[in-house]
Amino acid sequence: MLEIKNLHARIVDDGTEIIRGLNLTVKAGEVAAIMGPNGSGKSTLSYILAGREDYEVTEGDILYNGQSILEMDPAERATAGIFLAFQYPMEIPGVATMEFLKVAMNEQRKARGEEPLKVPEFLKRVKEAAASLSMDMNMLKRPLNVGFSGGEKKRAEILQMKLLEPRLCVLDETDSGLDIDALKIVSDGVNALRSPERAIVVITHYQRLLEHIVPNSVHVLYRGQVIKSGDKSLALDLEANGYAGVIGEAA
Amino acid sequence: MNMHAQPQRTLAETALIDAFGERLSLLPGDGAVMVKRDDAIEAIKHGLPTRRVESWHYTDLRRLLTSVPAFEAGAVVKALAPVLEGSVVLPVLNGVSNTKLPDVEGVTVQRLSEKLTDGSVAPGLERYGDDDAIGALNTAFVADGFFVDIADGAELEKPVELQNLQAGGQSHVRLLARVGAGAKAVIVERQTGEGDEALVSSVSQLVVGDGAEVTWLIVQEQPETATHLAQFKAHIGKDAKLTLFVMNAGGKLVRQEVVVRTTGEGADFKLRGINLLAGDTHTDTTMVLDHAVPHTTSTEVIRNVVTGKARGVFQGRINVHQYAQKTNAKMACNTLLLSDDGEFSTKPELEIFADDVVCGHGATVTEIDHNHLFYLMARGIDEKSARGLLVKAFVAEVIEELDDEALVEALEERLDGWFSTHG
Chain A
511 MLEIKNLHAR
521 IVDDGTEIIR
531 GLNLTVKAGE
541 VAAIMGPNGS
551 GKSTLSYILA
561 GREDYEVTEG
571 DILYNGQSIL
581 EMDPAERATA
591 GIFLAFQYPM
601 EIPGVATMEF
611 LKVAMNEQRK
621 ARGEEPLKVP
631 EFLKRVKEAA
641 ASLSMDMNML
651 KRPLNVGFSG
661 GEKKRAEILQ
671 MKLLEPRLCV
681 LDETDSGLDI
691 DALKIVSDGV
701 NALRSPERAI
711 VVITHYQRLL
721 EHIVPNSVHV
731 LYRGQVIKSG
741 DKSLALDLEA
751 NGYAGVIGEA
761 A
Chain B
1000 MNMHAQPQRT
1010 LAETALIDAF
1020 GERLSLLPGD
1030 GAVMVKRDDA
1040 IEAIKHGLPT
1050 RRVESWHYTD
1060 LRRLLTSVPA
1070 FEAGAVVKAL
1080 APVLEGSVVL
1090 PVLNGVSNTK
1100 LPDVEGVTVQ
1110 RLSEKLTDGS
1120 VAPGLERYGD
1130 DDAIGALNTA
1140 FVADGFFVDI
1150 ADGAELEKPV
1160 ELQNLQAGGQ
1170 SHVRLLARVG
1180 AGAKAVIVER
1190 QTGEGDEALV
1200 SSVSQLVVGD
1210 GAEVTWLIVQ
1220 EQPETATHLA
1230 QFKAHIGKDA
1240 KLTLFVMNAG
1250 GKLVRQEVVV
1260 RTTGEGADFK
1270 LRGINLLAGD
1280 THTDTTMVLD
1290 HAVPHTTSTE
1300 VIRNVVTGKA
1310 RGVFQGRINV
1320 HQYAQKTNAK
1330 MACNTLLLSD
1340 DGEFSTKPEL
1350 EIFADDVVCG
1360 HGATVTEIDH
1370 NHLFYLMARG
1380 IDEKSARGLL
1390 VKAFVAEVIE
1400 ELDDEALVEA
1410 LEERLDGWFS
1420 THG
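Chains A and B, in that order, are what the protein sequence lines are.
Using the numbering used here, read the first sequence as starting at 511 and increasing by one per residue.
Using the numbering used here, read the second sequence as starting at 1000 and increasing by one per residue.
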């Protein structure tokens, strides 16, 4: 589903190269965990997948279902089924959360040639999704993410993911800022989305999240490259021994 | 030799002076009113204000008012459905208070033409300064309008909507209101029109009695053929609250002056304004607020969206008088500049003569936050729609603060209307 080939990318503003020859393949039905020390390029990779303009791809390609997405803007990527759950979801004053959800769902439906959702059906879906994440509907009456706690923001991201039903989910440090109970709720939400047609990329620092969302593959990112791949035991190994050993092997 | 050349009158000045001569016999008013009218036209004979007059620096009326239409309207105009459902509508159509006066408990309505004829409004025709060009223009020509009196203690269930509508030509209108002690009212001032070139002057005067609560909404949606010169003047009594919401979403040349004075301790004033500016237009909001007694509070928040070649101005002057200790005043003016050809000028002024006060102001000019844009697009909302959402959000924030669902919905509908034609 996702094939990243020899990807090189830099920050547009200052030209700093962050991704330096990254290769990664994630199949439909797979949950891939990407781990790595601070500054290894994990978040950058997630932004590049979503199409953020602050980064420029200088070499290589990203194929989604066999097609390059490099020329697609963020909205086109999203309607094609790519979803990024942000590490730091944006607070947008003045944009009502419900209005935003409705516009986003209907824009995606429009792009797929489907009719817009009728209001009762829309409300029903939002209520169901919110209930499954133990979210209070009153929260959704507020402007988008405004005044949400860190944990509430993360739940709101997963809520959006559930409602938009993407094919490729990228979760950027979704576990940060979550307490144990919230982590469980959010993980259950993600696990409920696991399906043979969907791929999930989980970016995280810690093994903790992977106890709840058990990955099929684990990839270690260091200095903009995947330096080691393995199964879930690799995450346990990193937890026990740190990144130094893996980095040493690769060097 | 002593030869001071009299500056040549502009076409507009000449047209106004000529029109006064022609209209004089038709204008209502007793002797006292006629004296005020004469004074006012004398002020206009001295010339319309230019940018050398400080309060008109950003709106050079003499240069910008290039022509003045004939008096007669081009067409008939009809009253509109009110902004807030169920309102009592008082329409002034082509300058005439054209309605049967309503019978609402606690509300007394009179036609201004009658109050001009009997001279009872003559004292209110005072200009508030030498630079009060709008007051002068209006005093010279005002023919009609309404006086709305809300009885002490009356809590109006229905809003009152004053409509000033024209189909071209000139209309000069006054809308007076007194809200009695302890009364509560929502009043909408609707300023709109259609058709040919128009010159509108409209002066509203409000007295908010002790302990009264008033929300006054000015909804200005003039066509791009109209020059709209308006003034809102208010006195706020002891422990009284006034929220003034001004929405400018139309007009070719617009100046909305807001002149407010707190007259009793505990008075609170809120000004919330949104300027939606498009095309080749000029829109000026100028406020002069006097904190004249101790322990009064005010906040002013103005949000502007500038597109096309539009030019906008906000001047906010807060005078804190010497005895007005414990004044608390905060003013903010934020502009979203969406076009390279548009501009917005902000001039905050604080004149503080008391030593124990909290006053502040801030002004920003920004573009759309590209992080916000990315977030919305990352959810599949295309760039145009995402920008639209963010621009609307920027101004909607001020509306949502009103804390009255019916008001918020009605104003957001006006907002959607503007964005659907200018988005």
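No lab work stands behind these hints, which were simulated from the structure alone.
Treat the hints loosely; a few may be bogus.
To be verified - PhoX-like cross-link-like pairs, simulated, lysine-lysine; straight-line CA separation at most 25 Å: (1) B:1383 - A:628; (2) B:1237 - B:1329; (3) A:634 - A:612; (4) A:612 - B:1329.
To be verified - Here's a subset of chain A near chain B, in silico, CB distances under 7 Å, partners left out: (5) 562; (6) 589; (7) 594; (8) 600; (9) 602; (10) 604; (11) 613; (12) 618; (13) 639; (14) 640; (15) 641; (16) 657.
Small disclaimer: the values here were computed from a predicted structure and weren't measured.
Think of the CB as a built atom: it goes at the ideal place given N, C-alpha and C, for glycine as much as any other residue.
Going down the list of hints, with the structure as the test:
no. : hint            : in the structure
1   : B:1383 - A:628  : holds, 23 Å
2   : B:1237 - B:1329 : holds, 20 Å
3   : A:634 - A:612   : holds, 12 Å
4   : A:612 - B:1329  : violated, 36 Å
5   : 562             : holds, 6 Å
6   : 589             : holds, 4 Å
7   : 594             : holds, 6 Å
8   : 600             : holds, 4 Å
9   : 602             : holds, 5 Å
10  : 604             : holds, 3 Å
11  : 613             : holds, 6 Å
12  : 618             : holds, 4 Å
13  : 639             : violated, 14 Å
14  : 640             : violated, 17 Å
15  : 641             : violated, 21 Å
16  : 657             : violated, 13 Å
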